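Starting from the known structure of chain A, arrange chain X on it as the hints suggest.
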Amino acid sequence: MSRCHFLSRQERVLLQTPMSSHQVLICRNYKGDVDMSEIDHFFTLLMQQEEEGLVCPVMSHGNVHFLWIKHSNLYLVATTNKNSNASLVYAFLYKLVEVFTEYFKELEEESIQDNFVVVYELLDELMDFGFPQTTDSKILQEYITQKGNKLEVAKTKVPTTVTNAVSWRSEGIKYKKNEVFIDVIESINVLVNANGSVMSSDIVGSIKLKTMLSGMPELRLGLNDRMLFALTGRKNQTILHCLSDELMKRISPTNVKPLIWIESVIEKFSHSRVEIMVKAKGQFKKQSVANNVEIRVPVPSDADSPKFKTSTGHAKYVPEKNLVVWSIKSFPGGKEFLMRAHFGLPSVENHELEGRPPITVKFEIPYFTVSGIQVRYMKIIEKSGYQALPWVRYITQSGDYQLRTNS
Amino acid sequence: MTDSKYFTTTKKGEIFELKAELNSDKKEKKKEAVKKVIASMTVGKDVSALFPDVVNCMQTDNLELKKLVYLYLMNYAKSQPDMAIMAVNTFVKDCEDPNPLIRALAVRTMGCIRVDKITEYLCEPLRKCLKDEDPYVRKTAAVCVAKLHDINAQLVEDQGFLDTLKDLISDSNPMVVANAVAALSEIAESHPNSNLLDLNPQTINKLLTALNECTEWGQIFILDCLANYMPCDDRESQSICERVTPRLSHANSAVVLSAVKVLMKFMEMLPKDLDYYGTLLKKLAPPLVTLLSAEAELQYVALRNINLIVQKRPEILKHEMKVFFVKYNDPIYVKLEKLDIMIRLASQANIAQVLAELKEYATEVDVDFVRKAVRAIGRCAIKVEQSAERCVSTLLDLIQTKVNYVVQEAIVVIKDIFRKYPNKYESVIATLCENLDSLDEPEARAAMIWIVGEYAERIDNADELLESFLEGFHDESAQVQLQLLTAIVKLFLKKPTETQELVQQVLSLATQDSDNPDLRDRGYIYWRLLSTDPVAAKEVVLAEKPLISEETDLIEPTLLEELICHIGTLASVYHKPPSAFVEGSRGVQHKRLPARAVITLVKRTGLSGSNMGAGLGVAPAAMPASLGGAPAVGGGLGDLFDLGGGVGMPTGSYVAPKTVWLLAIKAKGLEISGTFARRGGIIQMDLSLTNKAMSVMTDFAVQFNRNSFGLAPAGPMQVLTPLSPNQTIDVSLPLSMSGPVMKMEPLNNLQVAVKNNIDVFYFSCQYPLSLLFVEDGRFYRQVFLATWKDIPNDSEAQFQIKDIHLNSDVASNKLQGSNIFTIAKRTVEGQDMLYQSIKLTNGIWVLAEMRIQTGNPNYTCTVPRIVYASLLHSQ
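For the protein sequence lines, the chains are A and X, in the order given.
For the first sequence, counting from 1, position 268 maps to 268 in UniProt numbering; every step adds exactly one.
For the second sequence, counting from 1, position 360 maps to 360 in UniProt numbering; every step adds exactly one.
Keep in mind the hints are simulated off the structure, nothing from the lab.
Be aware that one or more of the hints could be misleading.
Some chain A residues near chain X, calculated using beta-carbon distances under 10 Å [claimed, not checked]: (1) I26; (2) S72; (3) D136; (4) M199; (5) Y394; (6) Q397; (7) D400.
Small disclaimer: the values here were computed from a predicted structure and weren't measured.
We put the CB at the ideal spot given by N, CA and C, even for glycine.
Isolated chain A (complex conformation) (with noise of 0.2 Å):
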């Protein structure tokens, strides 16, 4: 007889409220090794920890283990007494906020409890004794829906995408029109020291597929040399991935010119005024243009009376947020613009001390990639030989893209 309390992965998946009700929502216990009332003490835990400002996604509590994430108002924890794999328990966490999203809109209080029912077959579906099992909520609403009375009229099968080969996609499908769409998007995260020399700079590139294609098609993407040997690796998602599939593959840091380079002078004079001077300038080729520009500049949190200059755009204070935010619809390749903001400030001092956030930059250039990665060709191979129209976009957009101040 064994009935030992060490073999376990997570056992539980506990929903839970906002921490002033610490109730819990549903739970779902996958082993029969951790007591349930071994989450009261996450809750004291996770106070602590709150208290003294220092919060860690891991906690234990006797030989208990506290696995969790928070989702707008919701704590996600998995309880294990083993050594579990910790990034499984983690991706699958996040795993679950995706697949509920999916189902339910929003993933919050109310939607837990209109659907329970559907939450607990989920929850079984999604994991046996600690094994994540299907997680594609694609194929998951197949055969779990929320009219539960859809099922017992159709006579149900399991999906063959359940435990196919080819698990991503059923067969039969058929579209009018055999159309793929490539959308090539690249991050750029950006560093920026006060002094001005760039800390680091990268690029996170991903190619999103969204494909309408009948059958079981293979789809072979031909990209230039440089990065067909860097895709080659997810050879087997690459190729026949029909949903949409993100293939991720960060170029190591190729020391980037930051498209927009920002220069800021921020004055501040202490119990009278703030004065912001914000210099943009597109570094990008002429043809090119940046969309939806927004620069976000941080004020003091006591700032009051703006006032706003801009060359172009227009600026906004958004007090909640303590930041002044400049937004451009469009700006050209080459071009320099010029922002001044002036802040009253009150003559009693602050004595809070506040951090000194960055200014950070959002955009969007189309028709551009800064790797210069370039599709070169789209084959579809599929037994009925149809043709299929392939659409290709580039989009280089801010990732975390930060710049940091002097003041």
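Showing chain X alone in chain A's frame:
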């Protein structure tokens, strides 16, 4: 209309109402009622009273209703085991339903009902489901075997489910393969010694094929399982690496980390001069960097693991410093981890950038982060000597900010810098002294006092400064008091004339007015030293101090290796071995990296530990050092002739006859004799306990002292009945290798404590080293010769074993029984040369060459005499 309405009924007599509704004839009403029951269950109300009524609803063709009833069963069956039997029939029936979804649902739910009686009925349906035509049912059944094993391991073994599960590894469906692997791994974890997963090149190949086809989770199970495999040679290891490498670009961080684990482990086996080795190193960097763009919690796990990887193989990320720069919006736990990795990666090449960053961080708002950043600057100074000056000036800049906690941290680290580079940066002391008043934390005060005492001769007003601290002596923390005492004594030894009064004051404060024994003792020692021999006092107190080491925070190498084997798991997040935080995992084998390095042993002179260590690479150097010098264990050369020729079959491991370890006169009548044996990979200590006293002995227990190879009892000593006078019992105690390690003299010495109702007795015994030869000690044939040649001559030893009348085949068979493997055989001029390998439990390889001249009963051999002699002569 939503389900939330079910939560709203809170009237009295609710259970009663529900009962009525559950027994209603109308299907819809029934379903509504079950939903209400589940809703009550969800909010934690006890609805177990409704058990029979809910179970009655089980027989339905409504799948949704069925799922709800099953859910209820899983929750309450344990509290109502007798009634749970009522459900069995429906389960068994559902397992034969034409709809595979229902079959799977039934088998899945049955496994979750942890009631013994039910498990008996589960076996037959489970057996069918394991062979079901639908893969969805098969994969569910595979997991169910693990569930059942958790409830009743014996039953699973008796029913032969483990074999069926093993067969599923060859299933045509990748999902089934993945779940079977997951289930087997889970089961294997509770049986560390069983050869459940029996991985061989064929199964590995199957797994690698399935790896390409299954879901992201399946890939993780397979990769985690692969990580436990030991490839038989470097070629196999390379080919597995090649097939695992594509997983590095997966979007799921957990897949990436599991792949990294496999690669980090198998890389150990690749020769470093291989081109592929370099390629692999390069391939590892980008995926690790990409992990930092995942969600914060995943980043945290990744960073904790990168911290390990950087310690194990710094070359992988040495050019990637910049990605660890802290972002303003990183959560604090990510910031702190990044900081730690930055310091580990700091080198002369990038120190300027690192320092600029650290200075930036030191002016942020988050106090904990700022403190750590300031400390980091100090650690950089100690780590990168060329940067020390720049670090010190950065710290001085920070002190000028006058931010209280920054100043204090800076002073603490400057003290460390002084200890690393004495007499170099004393010019900053003046600046430090200016901030004396603002120090309110004990650590900073203690650091400052230490500095003043250490450099008292260069600080004009050192006496005034120290005196100012002395005023509130009793309010200070112990740390500060001790430091103050030492500092004033130093001051006195340096400037005796002006400070006599001060030193007397502090000595009396420490010795007469203090309750702290440490402080009093230190006070007395100083006092006596000073009064008896001032010169000696000077020599003692002002002695030159050893420099502090560069990396005090490195993880100890054996632990690091174990953690590398656990990449991605909680162990890697806590930086603790699983045995430290998982209940019941004591005695479970510690994972180790495969060892590539090889040693041979020197016999001629006492071999030096250092050259062993060098050849060894991974294993703790000291351990095998005296292997060659160890005295003969169990039968010397004397008994050689006893073993007449013809024994040709492998005889299994040699077991020496029992010898008396503990004499009755020394142990109040308890006599213990014993021996050691290795049986099927399990090490056992066979003991005979004899009661030579007049009274009955009970309550036996045994414990080992730390020893060279970490031998420890794997379980309690099973002496079930009391031992009456003149009775003898034989006990077999299984041993594990997971105990604490300490080098013994001689190496194979084991100190044992045995307790009974009378007293505790101690004795020591010596185990044959052959006990430690493991079953997979077959060295890679392809590299044997090259490795053999690489071994420097001076670490070779030759000796003869005399008068053995066995031919080479018989000898080799015999040795194989004790896990000494013959890798190759050559015949040169009438001499048979046997090339052999042995692997010790701690991963050390021993290679040997044995020359046997036909007709000459003397063997020439290069391994310790003891081992070979007693094994060859054994029967």
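Okay, the hints, checked on the actual structure:
1. For I26(A), the suggested interface contact is upheld, since its CB lies about 6 Å from the closest CB of chain X, less than 10 Å.
2. Residue-level restraint check for S72(A) is violated (minimum Cβ-Cβ distance to chain X is 14 Å; threshold 10 Å).
3. Satisfaction of the interface hint for D136(A) is found here, the shortest Cβ-Cβ separation to chain X being roughly 8 Å, below the 10 Å cut-off.
4. Residue-level restraint check for M199(A) holds (minimum Cβ-Cβ distance to chain X is 5 Å; threshold 10 Å).
5. Taken as an interface hint, Y394(A) does not check out: its beta carbon lies about 20 Å from the nearest beta carbon of chain X, beyond 10 Å.
6. A cut of 10 Å between beta carbons decides the hint on Q397(A): the least distance to chain X is about 14 Å, and the hint is violated.
7. The interface hint given for D400(A) is met, as the beta carbon of that residue sits about 6 Å from the closest beta carbon of chain X, less than 10 Å.
Comparing the model with each numbered hint stated earlier shows that hints 2, 5, 6 do not hold.
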